Amino acid sequence: MYAVDMKGITKTFGDTVANDGVDLSVEEEEIHCILGENGAGKTTLMNVLFGLYERDAGEIFLHDKEVNIRKPSQAIDHGIGMIHQNFMLVNRLSVTDNIVAGAEPKKGIRLDRKKAVKDVRRLSEKYGLKVDPEARIENISVGDQQRVEILKALYRKADILILDEPTAVLTPQEVEDLFRIMRELKESGKTLIFITHKLKETMTITDRITILRDGKKVGTVETGDTNPRDLAQMMVGRDVVLSVEKSEREERPVAFEVKDLNVHNPTNNLYLRDVSFEIEEGEVLGVAGVEGNGQLELEEGLMGLRPTESGEVILRGSDLRELTTRERKKIGIAHIPSDRLRRGLIAEFNLQRNMILGSEWDRPFSRRGFLDRNRIKEYTEEVIEDFDIRGGTADVDAKSLSGGNQQKVILGRELTRDPELIIAAQPTRGVDVGAIEYIHGELLNMRDRGVPVLLISAELDELRSLSDRIIVLYEGEIVASLDADAVDERELGLLMAGEEVEG
Amino acid sequence: MNDVLAAIFSINTLAAMIRMATPIALAAMGGTFSERSGVINIGLEGMILTGAFAGVAGSYYTGNPWVGVLFAVIFGSLVAGIFAVFTVKFKANHVVAGVGLNIFALGLTTWLMQVLWGGRGVSPNVNGLPRVSIPVLDKVPVVNKLITNQSPLVYIMFALIIGGWFLLFKTPLGLRIRMTGERPEAADTLGINVSRVKYFSVILSGALSGLGGAYLSLGYLNMFSRNMSAGRGYMALAANIFGQWNPLGGLGASFLFSFSEAVQLRLQSINLNIANELIQMIPYAITIIVLAGAVIKSRPPEALGEHYGTEE
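Keeping their order, the protein sequence lines are chains V and D.
For the first sequence, my numbering begins at 1 and goes up steadily by one.
For the second sequence, my numbering begins at 1001 and goes up steadily by one.
Isolated chain D (complex conformation) (with noise of 0.2 Å):
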């Protein structure tokens, strides 16, 4: 029993759950900004994998890896400009949108691997961003060994999840960004151009998504494999909404969900006697019960999914 206490909580489980929330954490604050403006981004899987794929792509032909974490932001804004064309322009619903991005992401990214590197499976490996530290948080006891020696992507999360938590609540960006998700007609009414703020909100959105896929591809693996985001964008859309549409929120229930991953992956390499296929379902069962749970209590923008013209 101790064994499993200490597996659960050792500093490593932890240092595994910040690794493994960043991706999502990124994609739950994409999905926050966009559902905010209302806009329901089942997309967020699609972007991620974009990212991924683009980030891969980058650092293959420059060497570089921050190029491809440039290009992962790029081209998961392009695929999110694509998606609020679609659902703010054309007014087309936002659900089945999303879900034909997914698909056309992963086909997209599939056939691209087959044409440029001529294996459908995975990518050759590529430069990957390296660890780093931060000097001062080095000498703090406990969190040294949590946010030490990892990607740099994973500060760089910390302090975007902050940022935007203050754009969404501190700035009139914001203020209009949750009116307009509330209430387009009462932002149109007082002259905020509501299209605007949307793509605004929808392509944040992707460029989050496709900056934790480059986490995915180049601060993890060094490559790119089919499918690699694996659900994340549906766990992140999942965090965004435990996390009442909040930055700060959605950071919290993506460590939830990765803890859970965390343990599991823990439990697995310890001899439990206990079904490898029960263990692996934890970090599921608890997404379905924590988002039961959620659903009830959570009250979203009151607009959310809504087309908005004033001459329909």
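Bound conformation, chain V alone (with noise of 0.2 Å):
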């Protein structure tokens, strides 16, 4: 008997078909994975499963029953639980008024907050998911936040429980108290369904895992008969480079230097306090840390997208604090901003304006102040065709493309330029496999041709195998500096975690 069967599932929006005729078959109290690049439908095929979308065809079985889930509420009433991977809370409520909203225990007319509190308590307690139930959502941690949704499933004694790229936000610790705590859900009769594109987290957690791609189900195997290498076969439809290869250098001068710099963030109040390194040409700086640790602070000072308060930002001998943006731009950095959507496109503009952001004043784009429409067209052309960047022409808006494709278009934009520094801030968040192996490729690329690369992210692998020094950032503060071949994952995470390491 199954836990969950849908059959047939079928799903569009518009044009774009997001589920094509999937099937899924979760067993009782398994783990279950559904794996998948962005963009093949797992979380479309979840929210129909959870009730936020409507299927135009299919059907669903719970327990062999044949169930119409239209709605969220009647998902929750079916004992389906869904860990969203934005989380679903209200920041300026207490974990206690997030997790009961719409459940509440009642007093007359009253909410009972007495009851309330302690059932969660109880809760926490039973499942070994530690929080202050009193706390407010805004002032506890990621990782307590998501013990909070997963709670907030439970509370409504749901069985049945879809985690949606949880480990997506988590410092590695977190992430291991988060399988510690599935493992947990299992054995007291839980059902799981863990959503991602990592392909490690899979191999270690999961029962069985069932493939997606391009909306489609590519096929179920049990996690115990396979391998990373052909898990990304089957999720990117051809042989995947899953590691890259950096090639060795010498020692060289320092091209770019900050020194003691100090950056004021009023919106959370984090400070960036004395941030100092060097980056010598062509080598990859890695900066590791939770988000929210400096690093957005770090990116916006060093791109003059926010004041900083002192110190010294040098790029070969002159300093760079006095400049704006645009004439940072100009003498030759290139950003990859860490929020794309903000920063680095125009969602509603097509690919040729968004391709000629930032130098629309200067030639050749743009002669005695007019815009050059067939040099525009010409330009963005071309770099459609070098960096790969699939699923549309130069007239089609950005907000089209997959976030992968996206990225790459900002990245044909900035290194084409010339760049004499790069600064990438998660350059390959939400972004495909296929993607992220051409994106660290170009990367690589500068940096074998010597320019210097400060590489600002969040994925522990991602870091490791690009940089060669990284240094890590807890609450604004460079903790330590280390040399990205020597390190291992656990002391990078226990570093971003603000734990000391021997050594």
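Heads up, none of these hints are tricks.
Cβ pair distances, simulated, as ranges:
#1 Q85/V <-> G1305/D: 21 to 27 Å
#2 G1305/D <-> V142/V: 24 to 30 Å
#3 K1089/D <-> K216/V: 32 to 38 Å
#4 F1090/D <-> N269/V: 38 to 44 Å
#5 G1305/D <-> P266/V: 21 to 27 Å
#6 Q85/V <-> N1064/D: 56 to 62 Å
#7 G1119/D <-> R136/V: 52 to 58 Å
#8 D230/V <-> K1089/D: 48 to 54 Å
#9 T416/V <-> F1090/D: 41 to 47 Å
#10 T325/V <-> G1305/D: 27 to 33 Å
#11 F1090/D <-> K130/V: 43 to 49 Å
#12 G1305/D <-> E291/V: 25 to 31 Å
Subject to a maximum C-alpha distance of 30 Å in a straight line, what follows is the list of computed DSSO-like cross-link-like pairs (lysine-lysine):
#13 K126/V <-> K157/V
#14 K107/V <-> K1170/D
#15 K157/V <-> K1170/D
#16 K1170/D <-> K114/V
#17 K399/V <-> K1089/D
Rather than coming from a laboratory, the hints here were simulated on the basis of the structure.
What you are looking at is a predicted structure, and each value in this text was computed from that prediction instead of being measured.
The beta carbon of each residue, even a glycine, is placed where N, CA and C say it ideally should be.
Two independent chains are provided; combine them into the complex using the hints.
Take a look at the structure:
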């Protein structure tokens, strides 16, 4: 008997077929992985199961009984709980409020807060999900927030839990803890559906794996019978190079230098304190850290997007601090921003217009104040060709491309301007395996041509495979500077969590 | 100078403050509910005006001012319901829909006045609400001067504000409203019916504003005049913001605004050798100053003004 049996699920959005006759059979009390690249239809399938989307065709059976789920409330009644990738939490409310809302314990017409807090506490002890029921969401860590999400589902007596890319925002230690929790939930009789595109995690935690590609099911395999290479091949549809080879390098002159940089972000009251580092020509310096520990402030401070308080930022001998963002880009800083859609692209612009952002006043794109349409189109088509941008011509809007291809548009724009320095922040976030491979290759290319690269990333594998050295940011300070070859993931994880590491 | 201070801090000024704060505080709480559920409500002005008109019409045709009050609440809710259909169902821009509602309400009430009573300026006098006193409060010093012999709607307003605060912060429904305005997706995934919560909140805002309107026309002057709300809906919205989307805060802010209005009226009546125009500016200047300060520090519901739908 299957806990969940979805048959022939089809879901379209306009002309896009997000799910095309997908079957999914999940056994009771197993951890079942749905593996696929971004845009493969994993989340869509789960949103159909949870009643957030209405399916166009297909049937859903839970424990062999056909169900008709059209709203989340019905899914909840059927014992389905979903832990969303973007947490569905209200920052300003307490942990307890977030958990009980919609199923509140009552005393007369009042919400019985005492009982609510007690229930949450009992549940959190029962499953080993430690949280403070009285704390506000905005004051607790991301790992804690995720536990609140899981508690929300358990509070509603869910026996089928969907976890949508739950590890994306966690430190390695938090991931370990999550896996422990997942195993315990399985022991206690829950069925778990785990959505991911990360092969290593899939291999570690799951019992069976269903692979989706382009909205279609590729197959279901036993985790014990497969390996990362085969999985990657099924995911992408071709052979994939999982780790990049980077060439040896010798010591070279320092090209970029940051001395005692101080930045204050009043929004979250984070101070970047006395940050200093050097990058040599042809060197990749990785910046590791849990999100929100100063990466954004560093990125924006270096680009002149956020005022810096003191310090020096020196590129080939000249201080940049007085320069505007535009001037910094003009002297050759390529910027791959962490927030692609806010800083990198204008979603509603077509690729031609996106491609000239920042150089729209310059030759050859602009002549005597007029845009040279032919030249712009030519250039855009060159970049599309050279950077293997798929899914569109020069005339399509950026928003119609997949995340990976959008990122290639930015990469193409920035790297074709002969950069003197590359600041790449989260360059492969939300990007599929094939495009990751490509982006990594391009960045290493630039490195080999002698360009210094500052790589800010939350992906430890990415940092370790691309960087020559890694610095770790914790609460706005550099807590460690390490040789990338000598560092192991565990040590990096501890440093990111602010722990001391011996030696 | 003593005259001025006496004018400002007299019992009479404070009693006037409470009177004038009543419609603003009611509508402000309406704004609080609407905005807590995520719907920006510029339309409070039109809802007050509709309520004021419906109140007089009800009293005119039945002779009973309480029927007028009921009419005010019903018609306030009705226009709010239309506003909710536009903003929630059809996902119209909240501000545009609200401004539209205000213009519609002004036009409609002016036209109806012409049709029903043949004049564009004012309605005939109707039976207003009687002044009442509350037996026990009668005997308490100071308080008796402030809130005795007031319109019953003043007492109802105080009760409703406390009830509204209780509803918003102490009941399951209140939690659902707050959650909807902060993060509708979160509410939806918890099985909360987002649209229903928004409809409820917006319609409640109409009922409260309508009641505020009834106070203007039946508790004050016993007639309706063109554009009678005269910007009180906007004051209410400001009071709601300054009161941090809390009915009690909104009441406090309404007191502040109406206090400055009351002072202004008192100052005009004593000869100060200052141009009256300058004195008349006081309430507006205070509103601007307070609001400029409040907007910087205030933290509106996170999804205020946004539309929610899972399949876009």
